[in-house]
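Construct all of the structure, not just a fragment, from the sequences and the given hints.
Which chain is which? The protein sequence lines are A and B, in order.
The opening residue of the first sequence carries number 1 in the numbering used here; numbering runs sequentially from there.
The opening residue of the second sequence carries number 1001 in the numbering used here; numbering runs sequentially from there.
Hints listed in this document are in silico derivations from the structure and should not be mistaken for laboratory results.
Hints are not guaranteed to be accurate.
Pairs of lysine-lysine residues, derived as DSSO-like cross-links and limited to a Cα-Cα distance of at most 27 angstroms, are as follows [said to hold, decoys possible]:
#1 B:K1125 x A:K38
#2 B:K1052 x B:K1125
#3 A:K38 x B:K1126
#4 A:K39 x B:K1125
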Amino acid sequence: MSWTKKHLLDIESLTAEEITTVLDTARGFKAVGERAIKKVPALRGKTVVNLFVEPSTRTRISFELAAQRLSADIVNFSAEASSFKKGETLKDTALNLQALNADFIIIRHSASGAPHFLSRVLDAHVINAGDGAHAHPTQALLDCFTIRERKGKIAGLNVTILGDILYSRVARSDIWALTKLGAKVTLCGPSTLVPKTFERMGCRVTHDVDEAIRDADIINLLRIQHERQRKTMFPSIGEYTQLFGLNKARLAKTRPDALIMHPGPINRGVEIDSEIADSGRSVILEQVTNGLAVRMAVLFLVNGGKVPMDAAGN
Amino acid sequence: MSDTTVILDATAIQRALTRIAHEIAERNEHSTEVALVGIPVGGDHLAARLAKILTSIWNHAVPVGILDTAMHRDDLDHRVAPTVHPTDIPFDVTGKTIVLVDDVLFSGRTTRAAMDALNDFGRPKKIQLAVLIDRGHRELPIKADFIGKNVPTSLDEKISLLLTEAGAAHDEVILKKK
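Laid out in structure tokens, this is it:
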């Protein structure tokens, strides 16, 4: 057992062993979701706050269910209905939530570094549910979980991430996690959205989509993050679909056992053909199921670590 | 210089399991109602061995499951998160006599967690407890029904079960001074 961290802020600061611990732990929690009684008492009496300053549906609901299945109480806090509108700072909002004895703060924020900031000013456990274009650690962990469950391993696999890399926190966290676990990561997309600077993170960058997906074991598609782009980075959506969208003709050139992943929300007919999204090659909905198990595991793991382990194993 | 004593060797472990199996058979008249559930790490392998012996006594297969107790522990706030092992109970526990199998009975807290966890799978008719070693120092009103060996210990000692299924060179139960 190798988890002693109080928070989950990013993937960069985790070791390969810590990532593997989360994946191993999540296996047990996935089984809980398949039982008649989908609840365990591990976090009974704890309070979890979903502090979502940026909109999200699937991640928020996933964390909400994860907390409930661990028997914790959970409060949802969204930007629209909050005092942010009245000028309260993030720090004051978080301190107020902590004053209500919140044990865990799950934060989604448009500013990179917001969760790290909170972890310095709060006593509560802080879990990053996505900050700007910086990190989305639980997404990377659920992607790794899905790949490992389907392929039996991660080391040595060819993983291609296709789409808007520049503005994607999912891509950054995926790159960290996958390279730490020994996968070979290829990035592909329009040159404006996939700059060569990403090679410094230990991956390969190409702008030739057919070459990028030819030998891939995993093809991870990302949507175009219109909300984060300051100006249009490519001529048109139609052109993007034509040049980089995953259609049947392109899929035919991939390995027959290559899996299609997508963190959602998917834009059918843009980055992925509707038929492919619904096909047996797609594990998009499995990712959603696994996300719940991974988030239960993360809550379970960060809850520990207050006292050094008592060696009395029996 | 580590202070290690072998409490049970391979032959003694197998003999203890054979005796426990016969005691389980003697106690439970309706053999088809009995299922074994092992608690990892250790108890799962012991449950599989007991099932094999019971199968030869009863001449029918005995269901075996694995039950992890990590999510039901009462000390989760006071320690590093425990390892979560896969739980696998491939039969309906409702109406069955479940024999929980653990390697070492100590505080009794793991047994309590196991009974709690088992409840999520149904309502057994009876729950019995079989352990290879009872080392004393109970913190809860829990008592084993079947015991391989009673070993009086002090709190600064540690008992470990080594089994070939878990990669050990040979089966052994050892006692170590911490």
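We went through each hint and held it up to the structure:
Restraint check: the Cα-Cα separation between B:K1125 and A:K38 comes to about 22 angstroms, which is no more than 27 angstroms; the hinted pair holds. For the hint linking B:K1052 to B:K1125, the alpha-carbon distance of about 23 angstroms falls within 27 angstroms, and the restraint holds. The straight-line distance between the Cα atoms of A:K38 and B:K1126 is roughly 23 angstroms, inside the 27 angstroms bound, and the hint therefore holds. Between A:K39 and B:K1125 the CA atoms are separated by roughly 22 angstroms; this keeps the pair inside 27 angstroms, and the hint holds.
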